[in-house]
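Asker: Chain B: place on chain A using the hints.
So the sequences go chain by chain: A and B. Heads up: the first sequence runs through residues 1 to 342, numbered per my numbering. Heads up: the second sequence runs through residues 1 to 342, numbered per my numbering.
Quick caveat, the hints were computed from the structure, so don't treat them as lab data. C-beta: ideal position from N, C-alpha, C; glycine also. What you were told as hints is all true, and nothing was included just to trick you.
Listed next, the stretches of chain B that the computed footprint assigns to chain A, with coverage defined by at least 3 CB atoms under 8 Å from CB atoms of chain A:
#1 26–35
#2 314–323
Simulated pairs of lysine-lysine, DSS-like, Cα-Cα distance not exceeding 27 Å:
#3 Lys140/A - Lys4/B
#4 Lys4/A - Lys140/B
#5 Lys4/A - Lys89/A
Distance windows between CB atoms, simulated:
#6 Arg255/A - Glu243/B: 54 to 62 Å
#7 Thr253/B - Arg291/A: 20 to 28 Å
#8 Ser285/A - Ser196/B: 42 to 50 Å
#9 Gly236/B - Glu172/A: 31 to 39 Å
Protein chains: 2
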Amino acid sequence: MRCKPVNLILVGYGNVGRAFFRLQLEKRLLARRRYGLDIGVFAVVEVDGVVASKKFLDETSLPPGPASDLERSPLWKKNLPLDALFRAKEPGVLIECTPTNLRTGEPALTHIRTALDSGWHVATANKGPLVVDFAGLRQKAKENRVALKFGGAAAAALPTLDVGLYSLAGAEVKSIEGILNGTANHILTRMGEGMSYQEALRDAQSKGIAEHDPSLDVEGWDTAAKLLLIANAVMGSSFTLQEMKVKGIAGLTPRIVQKSAGEGKALKLLGQASREEARFKAQVSPVALDRDHPLFGVSGTNKGITFFTDTMGPVTVTGGKSDPRGAAAALFKDIINIFRPA
Amino acid sequence: MRCKPVNLILVGYGNVGRAFFRLQLEKRLLARRRYGLDIGVFAVVEVDGVVASKKFLDETSLPPGPASDLERSPLWKKNLPLDALFRAKEPGVLIECTPTNLRTGEPALTHIRTALDSGWHVATANKGPLVVDFAGLRQKAKENRVALKFGGAAAAALPTLDVGLYSLAGAEVKSIEGILNGTANHILTRMGEGMSYQEALRDAQSKGIAEHDPSLDVEGWDTAAKLLLIANAVMGSSFTLQEMKVKGIAGLTPRIVQKSAGEGKALKLLGQASREEARFKAQVSPVALDRDHPLFGVSGTNKGITFFTDTMGPVTVTGGKSDPRGAAAALFKDIINIFRPA
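In isolation and in its complexed conformation, chain A is listed as follows (with noise of 0.2 Å):
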């Protein structure tokens, strides 16, 4: 079978950059078969420098350790500007994996803005630029005719906005409810359990689970943020994150997660977000479940979210891996999705 090129550039060689490389060269030969597609990447972008060839880049490319080590490569190039490598190959996809900003989007917003504008199709683990003009690059995506995916920014390999957009296509979403932050969730289930805030959240960062500086997560900003961009793409709002009352999971105590479970409720911290008429509301705050609610066994570092519908009822998807691998697994279902044939 003859093979279309799919030529990716991926920006950003941090942990979910570093998974991404891995598994689309673990992958290339199924996406091959299955798909028809010759997925590969010829440049890798860091801050200062670009690793680049006319091939495909492969293991023997890139130096084992860190971003810091690309530029030990042969192919190390410094300061390339991007606009370079958009034009030194047939248009494919930008893979966006640089760290999050939800305050600017930057440097991610102006990285996928050239790309669109470039004739780039574009799939992003980052949020923050769609945070940021969520309808600005929805807009450019449009004119450019190209593909704006972000379903690894969304929930990783949880598949928020493939069964919003794709499965539930035709039905009207009348409301979302999601368990959309695996650290704020095993935090709770751990404090369900009997531990104390603090005695949690040091068992969740002792184990990798919660981050030096956990403020996004427990704080209910991440889970807003991914909220904003399943709400926006699904239900058709605009929400800002100035808009969305955000209350996290900081000041709670034992006693008030232990009372939930004693009333045979499960407290978790909820995104909400609903339409009346043509009013929409978002909120993200902790929400004692009953045990009916199809988000109630949802716990430790799993996700979930539930789409409430006109005429296929509540539908819910819970799982997926939030790791780097399966962000990286999701970036990669979100390529063969803009090529695939229907």
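Answerer: Using the frame of chain A, we list chain B on its own:
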């Protein structure tokens, strides 16, 4: 906006067919606005005749009653062959809603083969033809470069196939576990509350959940048929019903169900398909699920499925209406996804 016309032929005007006809009328404006598709039915086909028009049929085109009333329509034509309809219009989608026959697949099998050979796409709510000739129909669709969609047959509004094929693109599905029959699950849930099998069955029948002849549901064959479709589509297996080990719930006593509950487990009628190297295995049987199994909480008439993957971990979908309107919504979704841009 200029919309793309999508011509539909609806075959079978039973509960699902009627629900589909109503739903596509309700959703016509939404399909135009949101997807740029002008979707409409121009022919409704029943055993001994057809209601057909040059334009899309509307509320006033069909008598309000069941299939037997269709012949009262002024647009009724007796014994019009399906071929004539395929030639009458720009090819669109055949919507197959005739009664299911898991042994012969007919009459749907002939309808679908003819449609595919005439260059028409197919969306079916009837699993019979796919259970009987999965590989042959897929091959025929491929040769004719048309889509063969069967989301409505695999589990109505529960998006099993979309998730398996679209959301998990690029991942290897190593195994599938599913609670795929709402009637059996309802009966088991009631037995867990203390009813005998016979009491629970009568309860389901009195609520319209179980049919007068519930054998396909309680003996596991409905679950097996759905599992066959999903596994063959998503895992690339080629199961036939004959190869599957199928055990239903008819012989179970409340004691067995309650024993599971006493051990903190939940007894479910589970379809399981897995792959070890190139060997596939599939079976249907009552299984006691641990509390941390993602399908543990799926009770009553609810359904759910878990895909265990290499790169994305386990991904679970639950919920989705099981009634004729849910199946109709799944058919409508499949139509949109045939024609929408990526």
